[in-house]
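Chemist: Sequence:
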Amino acid sequence: MSKTCQLVATVVALSLALPGLARASDPPPREGEVAQQLAKLQAAQESLEHRLDELAKAIDDVAWFQRVGDVALVDKWRITGPPDPNPPNPSAPGATNPIKFYTYTFVPRQRPTGSKLPAIVLPHGGVHADFTTYHAHIVRELVEQGYVVIAPDYRGSTGYGEGFYRLIDYGGCEVEDVHAAKEWALATFDFLDRKRIGLVGWSHGGLIVLMEAFAHPKEYACVFAGVPVSDLVMRMGYADQDYLDLYSADYHIGKTVREDIEEYKRRSPVWSVEKLEVPLRIHTTTNDEDVNFIEVEHLIQALKAAGKQFEYEVFKDAPGGHSFDRLDIPTARAARAKIWTFLARYLSPPHPPQ
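For the sequence shown, the numbering used here begins at 4 and goes up steadily by one.
To be clear, the hints were calculated from the coordinates, so they are not data collected in a lab.
Predicted model only: the values in this text are computed from it and were never measured.
For each residue, glycine too, the CB sits at the ideal point set by N, CA and C.
Hints may be right or wrong, so weigh each one.
[As the list claims (entries may be wrong)] List time: in silico BS3-like cross-link candidates among lysine-lysine, alpha-carbon distance up to 27 Å:
#1 Lys311 to Lys278
#2 Lys341 to Lys319
#3 Lys43 to Lys60
#4 Lys221 to Lys341
#5 Lys307 to Lys319
#6 Lys341 to Lys307
#7 Lys198 to Lys119
#8 Lys221 to Lys311
[Claimed, not checked] If you anchor each label on the Cβ, the simulated ranges turn out as follows:
#9 Arg114 to Gln357: 17 to 27 Å
#10 Arg114 to Glu277: 31 to 41 Å
#11 Phe192 to Pro356: 16 to 26 Å
#12 Ala308 to Asp245: 26 to 36 Å
#13 Phe192 to Gly97: 23 to 33 Å
#14 Pro356 to Thr99: 42 to 52 Å
#15 Glu186 to Thr116: 20 to 30 Å
#16 Gln304 to Thr259: 23 to 33 Å
#17 Leu247 to Gln357: 40 to 50 Å
#18 Glu277 to Arg348: 19 to 29 Å
#19 Ala218 to Arg33: 47 to 57 Å
Produce the complete structure using the sequences and hints provided.
Modeler: As structure tokens, then:
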């Protein structure tokens with residue numbers, strides 16, 4: 004969540020807790036009372052953070068129509084993915100029901116009559132994040148070329164409450180949610196061309212598109228992975244403690260990398276490169292402050308060692324670092340032009356980049 008939302012949540016939580024704080028004249032708190040009050044305060048803050056995320060999500064959803072509504076038919080759909088693989092109570096009624104989640108679709112307002120259209124599946128990045136108008140210029144550029152954009156808010160995304168947040172299955176069922184969104188779109192829109200579906204993702208979204216391409220290689224014409232999270236084992240070696248704690252939380256992977264290195268490898272693209280059968284392009288930059296260049300370099304070297312044919316480009320200290328090819332600056336637009344040219348080679352959009 005944003006720092007602003009976190010600050011607001013903290014202030015509100017404190018205001019709720021202050022009436023119960025001890026006065027100077029009160030007797031000292033009993034053993035354990037302070038810890039209990041702090042736990043209540045933390046729980047209240049976390050609850051408020053999720054509520055603020057939901058509010059921010061609702062506001063941003065309206066902004067989509069303002070940002071791209073002139074070129075795209077914008078919609079948001081509630082669909083289903085695989086059941087929770089680790090339900091709290093496996094024998095409870097509904098424990099094996101499919102998980103419900105939302106996906107956005109952006110359909111070009113003007114499309115050739117009687118012609119099938121290609122589609123881009125665009126999962127958002129972030130371990131816990133969501134699809135927002137941060138991506139508006141990217142969606143616009145794709146729609147203007149004639150692509151339908153399918154953007155799922157897979158399990159673990161923010162903006163849908165704490166319960167959905169805690170459903171995260173990193174590199175697992177979240178990938179299958181993306182696959183489910185693609186299959187749903189093909190069943191819903193009869194003007195989509197099943198043979199012209201591409202995958203595009205950055206950062207954690209880059210990990211997801213790689214894992215999806217490895218899992219379902221016959222179902223995609225091409226894949227672009229920008230600054231992709233590639234190797235969780237390596238990543239845990241340079242991440243800070245808060246990041247490590249997130250992964251070892253009981254609702255997440257549940258163990259540290261030292262406790263279960265194979266589980267971290269299973270959720271990392273670099274350890275599955277032998278499954279690549281789809282045309283692939285990778286972007287990275289040497290000054291990435293989030294996904295360290297050495298992590299993506301490991302992926303590139305692993306693909307080469309596996310004898311895979313693919314495209315990649317290492318940018319040198321690109322302005323913007325981790326976001327270098329997603330900004331609204333000339334160097335970013337030039338980098339994206341290379342992505343769009345790559346996609347057009349395999350997807351043949353109605354209005355390819357010139």
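Chemist: Hey, Lys43 versus Lys60, does the alpha-carbon distance stay inside 27 Å?
Modeler: With a Cα-Cα distance of about 26 Å, the restraint between Lys43 and Lys60 holds, given a limit of 27 Å.
Chemist: Does the Cβ-Cβ separation between Arg114 and Gln357 fall within 17 to 27 Å?
Modeler: Distance hint for Arg114, Gln357 holds at roughly 19 Å.
Chemist: Given the hint of 47 to 57 Å, check if Ala218 and Arg33 actually sit that far apart at their C-beta atoms.
Modeler: 54 Å, holds
Chemist: Please verify whether Lys198 and Lys119 have alpha carbons no more than 27 Å apart.
Modeler: The given pair, whose Cα atoms are some 10 Å apart, holds under the 27 Å limit.
Chemist: For the pair we were handed, Lys221 and Lys311, check the Cα-Cα distance against 27 Å.
Modeler: Holds - the C-alpha atoms of Lys311 and Lys221 are around 16 Å apart, at most 27 Å.
Chemist: Is the gap between the beta carbons of Glu186 and Thr116 within 20 to 30 Å?
Modeler: Holds, since Glu186 and Thr116 (Cβ atoms, about 26 Å apart) stay within the stated range.
Chemist: Given a hinted range of 23 to 33 Å, is it respected by the beta-carbon distance of Gln304 and Thr259?
Modeler: 26 Å, holds
Chemist: Checking one constraint from the list: CA of Lys311 to CA of Lys278, max 27 Å. Satisfied?
Modeler: 9 Å, holds
Chemist: For the hint 31 to 41 Å, verify it against the beta carbon of Arg114 and that of Glu277.
Modeler: With a Cβ separation near 38 Å, Arg114 and Glu277 satisfy 31 to 41 Å, so the hint holds.
Chemist: Hint check: Lys341 vs Lys307, CA-CA at most 27 Å. Holds or violated?
Modeler: Judged against 27 Å, a Cα distance of about 21 Å means the pair holds.
Chemist: Could you say whether the range 40 to 50 Å given as a hint is met by the Cβ separation of Leu247 and Gln357?
Modeler: 46 Å, holds
Chemist: Return holds or violated for the Cβ distance of Pro356 and Thr99 against the range 42 to 52 Å.
Modeler: 46 Å, holds
Against the hints set out earlier in the document, no violation occurs for any number.
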